[in-house]
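Visitor: Going line by line, the protein sequences match chains A and B.
Numbered by the numbering used here, the letters in the first sequence go through residues 1 to 668 in order.
Numbered by the numbering used here, the letters in the second sequence go through residues 1001 to 1314 in order.
The hints are simulated quantities; they were obtained by calculation from the structure and are not laboratory data.
Model, not experiment: these values are computed from the prediction.
Backbone N, C-alpha and C define an ideal beta-carbon position, used for all residues, glycine too.
Where hints are given, some of them may not hold.
[What the hints assert, rightly or not] Computed cross-link-like contacts, DSSO-like style, restricted to lysine-lysine with a CA-CA straight-line distance of at most 27 Å:
hint, chain 1, residue 1, chain 2, residue 2
1, B, 1260, A, 586
2, B, 1309, A, 160
3, A, 643, B, 1260
4, B, 1309, B, 1260
5, A, 643, A, 586
6, A, 580, B, 1112
7, B, 1015, A, 604
8, B, 1108, A, 604
9, A, 97, A, 296
10, A, 97, A, 74
11, A, 604, B, 1309
12, A, 291, A, 448
[To be verified] With the Cβ distance kept under 7 Å, some of the chain B side facing chain A (calculated, not the full set):
hint, residue
13, 1127
14, 1131
15, 1165
[What the hints assert, rightly or not] Listing some non-contacts, in silico: residues in chain B with all C-beta distances to chain A over 12 Å:
hint, residue
16, 1069
17, 1081
18, 1273
So you can see what is in the structure, the chains are spelled out below.
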Amino acid sequence: MKALPPLASLRTRALCVFTLWVTYSAHLFIMPVWMFVMIAIIGGFRFYADYKSLPPVPVWIKVLAIAALFITLKFYYGRPLTSEFFIALLISFVGLKLIELHSVRDIKFIVFANFYLILSALILVQELWIIPYMLIAIIANLCLLLYLNAPAASLRSTGKKSLQLLLMALPVSLVLFYVFPRISEPLWSVLSASTPKTGIGDSMSPGAISALFKDESTALRVRFIRSSPVLNGYWKGVILDFYSGSSWSAFGAHQQTLPPLPELSSADKANYEVMIEPRSTRWLFYIGTPKAGLPKLGFTPNAGLLSNGKTLLNQRFNYALQINSNDTTPVNDYSLNRYMQLPAQSSPKLKAWAKKNFLSHNKNVPEFINFLSQYIYQNNYWYTLNPPRLLQNRQQMDQFWFDTQTGFCEHYTSAVVFILRSVGIPSRVILGYYGGDWNPYGEYLDIKQSNAHSWLEYWTEDRGWQLLDPTTFINPAHIDPELLLASLNRQQINNGTLNINHSILMQLGLYWESTQYFMQRWLLFYNQEHQKTLFNQVGITSWDYSRLLQSSIGILIGFFILFALLFHWWSKVTQDSLYKALKRLKRQFQRLGIQTPPDATLQKLCITLKERYPSCAQSADDFLKQYEMLRLTAEFREISQSKHATETLLLEFTKKLEKLQPVNSTAT
Amino acid sequence: MIQYVKSYWNSWIDKRIPKGDAQTVQSHAIYVLPTGFGWVYAFMVFSLFLSAINYQISAIFLLTFLLAVVGLMSAWEAHANLNQLHLQFLNSSDEECGKPVLLLLYLKTRQKVRFGIELRTSLGNHIRLEHIPSEGMECTLPIPTNQRGCFQLPRITLTTTYPFGLFRTWSYIRFERDYYVYPKTIDPGFVPQALSQKASDSDMNHSGDEEFYELNEAHNPWIEPNRIAWKIAARNQGWYLKQFHQQEREERVFHLDQLKGYPREYQLSCLAFWLYQAEAKHEAYGLQLDQQPPAIGFGAEHLKSCLRKLAVYP
């Protein structure tokens, strides 16, 4: 076990610490900061102890420290053993390993652990900045390895060499990246992260959707393939049918898989393609009625759209759908009953009011709906960001409808569904997204979390499920000015057309977003579907794993052969032409049986030549005389002239020698 | 069996090593193999690759491919670190048994700085050169000695694990030079008698090493060109040869009979000691090991030739 390179032990340690913290840099954004503070403190203490030459820490203290760290992490992450817990454990142990550096092998171990840390950062973070982080962390670790083997090199040259190697490796890696076959199913199930993501959840209580209003992060991005862009669409996601009296949830929430949709062969046949960000619900968002999709999707009109394959909620997911424009599937009686469920003794006043008004309109559903819209419009119903809080009891709807009359989309939806169910019209709450921003550069619809909305669907025998958005009934004068401004802005942006007038700043913002989207699709999020699309574009229509695998290996081998050839050619090309002529001459000598060790001068070689081949003694003498004149006389020492002339001379002599026949000589 | 394989391998390598005092490491004689660390690295990259397949995260694929390609390219860098390295044999010293023989080499590169090259011999010792600049550097390789005699310089292995320690590259160099190991000197405690003083006008014309000289006119000064008095000739005053005075020296002759009864190695060690002592005292000495009359002289060369005779004495 070699000791640390004695050249600069402190320098080695410093480089090690630096590399480790570069590798940590991505984790600082995801992992709890106190962990890093603890590691820094312990590391700092150790360096201080080294500096002051304090006696080494006894073993039991070290054991205690490790146990304390372990317990704190376990306590922080809670009961289930999630992947983040293990990653945090890895981070802290590598940080502590830094204290126990005694030999070169320890540093190599730290480099290994660093590569696994980079891996864990790539698993946890799905943003674009992870790519530059990865490249920088790789270079730092390669520098450390290089430094171990060449401690005499300056840090600058070490960095340069690592960077050079990485840049040379990048093209082939990218080619392999795009060609290597991707499979669609993971090999084994993975532990999903426990940290919840923002977005629409699996249930709704008043106030749940409005919390997302301030969140401008992207929820989904839609690329329209065979349909024309829908700019003001209602993207359906979660279907809620059970009302507890204060909140809505779904009966079918526990279902793992749904009846599968026919699978499309490629995304080109779909109407649109959705890239959904990390989310907190399994349900996927769609518009229209899906009739086929990619990848393995399951769908029922009553439950919604799910991915039947294994996916992670904290990863981006891409899916494509082919749709029917209207839903004509019949609904059976059992489901209809579900959509009329109301809890007992909830909001009796509203129930009575609803029944009374329904009767007065002759139980005509369209008329009743119309009446409701007029009622909301004409009365003092407000739509605001900060509605007064409703009491958490079963009289919530009464309180809202008759008392506060102020609310957000959840309130209105909840109330109208309650009303419709009271009079016997099956209806359900839908959670999803409405609208979105059109990005003209990337040609996709960017739907943000602030577009989250809730609306309802009611069922009639002759027309099936109908969409109804009660917030559209509200008098525009009764809308919170802030909300009005925001929605007007959006309307201005969308304006029903695709060519919009934007300010420069907004244009730059849109351009940047579309670049990010592009890079995410083709770099971060490249998977089997994208691979298929890419190959279709290039012209390869049919492919299978073995062919792709073979071509990947072929590319790797081909790269090496090409690299070797290039290297060889380059070293030949950059050789001095005079040196090349000399080498050619030496080869002639070798052919004639005369040894040419590196320290043999031309004179010596010619002497041997004259001994063995007396016929060319004269030409050899001439050659030597001319050579000396060219290379050693002052007037001919002009560099380029002399060089060129010498070259020609050497070539001539070479040609003369070529005519000679080698004589077999017994002397070696 | 193993011996047979080893000897076959050694002869195969020897065929590829060029001969001569100045050698260049050629690409066809460089061998590359992964180190243990290299295998562990490969395993690690493979495990990263498996996790890439499982998680289907593209960035991990990119990481894996980058690491794999960089690792493989480092084999090429390792090869380039040794390729075209020029070694020149400068000098090897003869030493007493027990002291290391110093082999002086000059390493030169062509326009490339090289790092981390180790030179080791089959006798087990090695030196490590961290940095060889492009203009070249001298290095001294010590060769251990534990037996007297005349030996050929051992085969030198140049090895390096630059740049990342993933691959070990090595090549062999052999200089066909001999070195002598003299017997270890042991002081027997006595010195044999000096021979009687010879008359100074003997017919032996020693060329001495003193400063004062006489001038003899010479008709053909080119017999001893290193003794021509150039200044006088330059003044066109004729050709003269310098003749140096000889210092009065004691003369001794050492032979084995002076140490009768002792084991052979002890005898040789004592003779070596006497030779050193005589040289230190500026005496003239000669060594008689066989029936031939001994050559008596002094100076470093004479000492060396006597010691060499001792070294190879059976």
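Visitor: Could you run down the list of hints and mark each one as holding or not?
Guide: Hint check results:
1. In summary, the hint linking residue 1260 of chain B to residue 586 of chain A is not supported, as the alpha carbons are separated by about 60 Å, beyond the 27 Å threshold.
2. Among the hinted pairs, residue 1309 of chain B with residue 160 of chain A is inconsistent with the structure: their alpha-carbon atoms are about 56 Å apart, more than 27 Å.
3. For the suggested pair residue 643 of chain A and residue 1260 of chain B, the alpha carbons sit about 70 Å apart, so the restraint of at most 27 Å is broken.
4. Between residue 1309 of chain B and residue 1260 of chain B the alpha-carbon distance is near 19 Å, which keeps this suggested pair within the 27 Å criterion.
5. Proposed proximity of residue 643 of chain A and residue 586 of chain A is supported: the alpha carbons are some 18 Å apart, at most 27 Å.
6. A threshold of 27 Å between alpha carbons decides the hint, and for residue 580 of chain A with residue 1112 of chain B the separation of about 19 Å falls inside it, so the pair holds.
7. Using a Cα cut-off of 27 Å, the hinted pair residue 1015 of chain B and residue 604 of chain A holds, with the two alpha carbons roughly 25 Å apart.
8. Straight-line distance between C-alpha atoms of residue 1108 of chain B and residue 604 of chain A comes to about 22 Å, which keeps the hinted pair within the 27 Å bound.
9. Restraint check for residue 97 of chain A and residue 296 of chain A: not satisfied, since their Cα atoms lie roughly 45 Å apart, outside the 27 Å limit.
10. Between residue 97 of chain A and residue 74 of chain A, the direct Cα distance comes to roughly 20 Å. Compliance with the 27 Å bound is thereby established for this hinted pair.
11. Distance check on the hinted pair: residue 604 of chain A and residue 1309 of chain B sit about 34 Å apart at the alpha-carbon level, beyond 27 Å; violated.
12. Restraint check for residue 291 of chain A and residue 448 of chain A: the C-alpha separation of about 26 Å stays at or below 27 Å, so the hint holds.
13. Nearest Cβ of chain A to the Cβ of residue 1127 of chain B: about 14 Å, over the 7 Å cut. The hint is violated.
14. Hint status for residue 1131 of chain B: holds, given a least beta-carbon distance of 4 Å to chain A, under 7 Å.
15. Annotation: residue 1165 of chain B was flagged as interfacial toward chain A, and the flag holds, the nearest CB pair being 5 Å apart, inside 7 Å.
16. A beta-carbon of chain A comes within 12 Å of the beta-carbon of residue 1069 of chain B; the shortest separation is about 4 Å.
17. Distance check for residue 1081 of chain B against chain A: the nearest CB is about 9 Å away, which does not clear 12 Å, and the non-interface claim fails.
18. With a closest Cβ-Cβ approach of about 39 Å to chain A, residue 1273 of chain B is found to remain outside the 12 Å limit, as its non-interface label requires.
When each numbered hint is compared with the structure, violations occur for hints 1, 2, 3, 9, 11, 13, 16, 17.
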